[in-house]
Amino acid sequence: MTALLPRRGLAQILALIVILAVDRVVSPQFFDLRLQDGRLFGSLIDVLNRGTPVALLSLGMVLVIATRGIDLSVGAVMAICGAIAASLADTHSLPVVLAAALGAGLACGLWNGFLVAVLGMQPIVATLILMVAGRGIAQLITEGRIVTFSSPDLVWLGNGAVLGLPVPVAIALGMVILTGVVVRGSALGLLIEATGGNARASELAGVGTRAMILAVYVWCGVCAALAGVIAAADIMGADANNAGLWLELDAILAVVIGGTSLFGGRFSLVLAVLGALIIQTMNTGILLSGYPPEFNLLVKAVVVLAVLLLQSPKLTGFAGIVARLRRTKA
Amino acid sequence: MKGLPPVLITAIVLVAGFVLCAVQFPNIASTRVVGNLLTDNAFLGIVATGMTFVIISGGIDLSVGSVIGFTTVFVALAIDRWGMPPLVAFVAILALSAAFGAAMGAVIHVFDLPPFIVTLAGMFLARGASFLLSTESVPITAPVYSTVSDFALRMPGGGRLTAIAIIMLVIVIGGALLLHLTRFGANVYALGGSRAAASLMGVAVGKMTVKIYMLSSLLAGIAGIVFSFYTSAGYSLSAVGVELDTIAAVVIGGTLLTGGQGSVIGTFLGVLIQGLIQTYINFDGTLSSWWTKIATGVLLFAFIALQQGLVALARRPVRKSLGAAT
Chain A
1 MTALLPRRGL AQILALIVIL AVDRVVSPQF FDLRLQDGRL FGSLIDVLNR GTPVALLSLG
61 MVLVIATRGI DLSVGAVMAI CGAIAASLAD THSLPVVLAA ALGAGLACGL WNGFLVAVLG
121 MQPIVATLIL MVAGRGIAQL ITEGRIVTFS SPDLVWLGNG AVLGLPVPVA IALGMVILTG
181 VVVRGSALGL LIEATGGNAR ASELAGVGTR AMILAVYVWC GVCAALAGVI AAADIMGADA
241 NNAGLWLELD AILAVVIGGT SLFGGRFSLV LAVLGALIIQ TMNTGILLSG YPPEFNLLVK
301 AVVVLAVLLL QSPKLTGFAG IVARLRRTKA
Chain B
1 MKGLPPVLIT AIVLVAGFVL CAVQFPNIAS TRVVGNLLTD NAFLGIVATG MTFVIISGGI
61 DLSVGSVIGF TTVFVALAID RWGMPPLVAF VAILALSAAF GAAMGAVIHV FDLPPFIVTL
121 AGMFLARGAS FLLSTESVPI TAPVYSTVSD FALRMPGGGR LTAIAIIMLV IVIGGALLLH
181 LTRFGANVYA LGGSRAAASL MGVAVGKMTV KIYMLSSLLA GIAGIVFSFY TSAGYSLSAV
241 GVELDTIAAV VIGGTLLTGG QGSVIGTFLG VLIQGLIQTY INFDGTLSSW WTKIATGVLL
301 FAFIALQQGL VALARRPVRK SLGAAT
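As given, the protein sequences belong to chains A and B, one line each in that order.
1 is the number of the first residue of the first sequence in the working numbering; add one for each residue after it.
1 is the number of the first residue of the second sequence in the working numbering; add one for each residue after it.
Because the hints were derived from the structure by calculation, they are not lab data.
Small disclaimer: the values here were computed from a predicted structure and weren't measured.
One thing to keep in mind: the hints can contain errors.
Derived list of chain A stretches under chain B, where covered just means 3 residues or more per stretch with a C-beta under 8 Å from a C-beta of chain B [to be verified]: (1) 118–131; (2) 292–298.
Just so you have them, the derived chain B footprint on chain A, three or more residues with Cβ under 8 Å [as the list claims (entries may be wrong)]: (3) 274–287; (4) 303–310.
For every residue, glycine included, the Cβ atom is placed at its ideal position computed from N, Cα and C.
The whole structure should be built from the sequences, with the hints applied where relevant.
This is the structure we're talking about:
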């Protein structure tokens, strides 16, 4: 597996390098970094910082997709947890705020997992329920207003620095390492892949598929909660209408760009996060180049289509035939 | 008989809901309110009819909201800025959206990709294209618009059946006939039941897939035109999130999201239920708009759980006789 990883990630790494190079051409100061007040500044750091929410979401999403599922509710969960964090921030200490927000994310994940694993609903449908209702719940918590706060602890979470890195980036990095160690350091990752590859066969082979499915949705909910808290801390407020809006699509896109098949059965955490960074580098590049941000959506659409076509089983079959024909001719 | 029980349940929920609302606010039970209900949800009814076909065939179309948005902007610009006669603009946009849907269907079939992700790309594409056309709200001042907006059939009790409500009703009825009485409709069910079996039975799966997504986008285009009549403007951010409302209406209407079962009439009732919730919240005045979302979510859950139960019940004897097959 580890031996295969570099070869599998080559396309993504190349894509990132190409996009970075384009960004460098568009904006000559792109790679400039400077240290100020114990924190690094520069476009690259900006890319990492802005990319954090989607990177966190894709970290949870990639595990869900590996089990052949999908979680449409992560954007709504972000809104709920951001709203909870923002409304508690000024009256409670940071641990309480974090516990409440992450607990809510866990509960949301548990709900999704329950619907999929226990009731046997289709993942798209099951998570659609929370996607629709979740934003309503978030607005219920904020009572339709944009809740602002000034608690320095929570603000630090969004704007502070650790060892020169912005706190959100440090958190995301920590989560990637934690998830990687837990999932790849044990047989858990393999069991998740087995569940996605063939749930029935894995169950007969003794894999607790229900527990696996439940666990990945819970983890996805927790990741989304963390992303929601960070997004709220970043703007020092919670906007139930717009927090995390359409980010579920970006997270799915990141996972797909990372080469994880939507049909489940295998996944790569690092490549999914790399996918999130690719999306953010594109966004930042478009902003820096002075094109209107509306181009973002078009570029994203083209990228999705290109990645999909590359992944398509039909096309790889076609490429194989072409390669074979060439070999026979030569 | 296929799909009848869920439709009946939807109808009962609608009637019960209506009666409950009418008990609390007697004014709801008037043709005026019903007329407004139809007018306000006209575009939703049209696009949900198309979505019903897609979902019964086992697919999903996330691009419809963006297609509506694109259509409103295109129509507004074409009529007011480029000086196209409204009819020409309508034909152009309908051809464009039909081609768009056909392209998505072709990609789904030829490259064997999940409809979810292909139509997601379509959603980005259409929304991005409408941003490129214009990011501001473009008012439409063509005389056709005021004539159509003013046109209405009087109903007894002072209600107005507006032109766009009539368009919606015609499309819903047409859709129901197409789905339930034609070979095309039967093929849609066959595709949703089992793609492989349908293909073996001689259904041209590729052609059907293209046609189904074409129909969905075409209806989204019509819904966009209706939406532009409704608001008399084109705005690139209009109808954001409508795909969710549409899917919710289809599911509440008793269509199985795994495909193979459902009806256009059920979808129409689902649209009305969503409209009724909105109307109730407007009448109440103290409830806030977010209760619509929560109520829709609860209804969605109730209906999906119900379907899950029905499917499990229906499968039980089969499972016993076949051992452990799913």
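Coverage criterion applied to the segment 303–310 of chain A (partner chain B; beta-carbon cut 8 Å; 3 residues): holds (count 4)
Coverage of the segment 292–298 of chain A by chain B, judged on three or more residues with CB within 8 Å: holds (count 6)
Stated coverage of the segment 118–131 of chain A by chain B [criterion: 3+ residues, CB within 8 Å]: It holds, with 11 qualifying residues against the three required.
Cβ contact check, 8 Å cutoff: the segment 274–287 of chain A against chain B, three residues minimum: As far as the segment 274–287 of chain A goes, the hint is violated, because 0 residues have Cβ atoms under 8 Å from chain B.
When the structure is compared with the earlier hints, a violation turns up for hint 3 alone.
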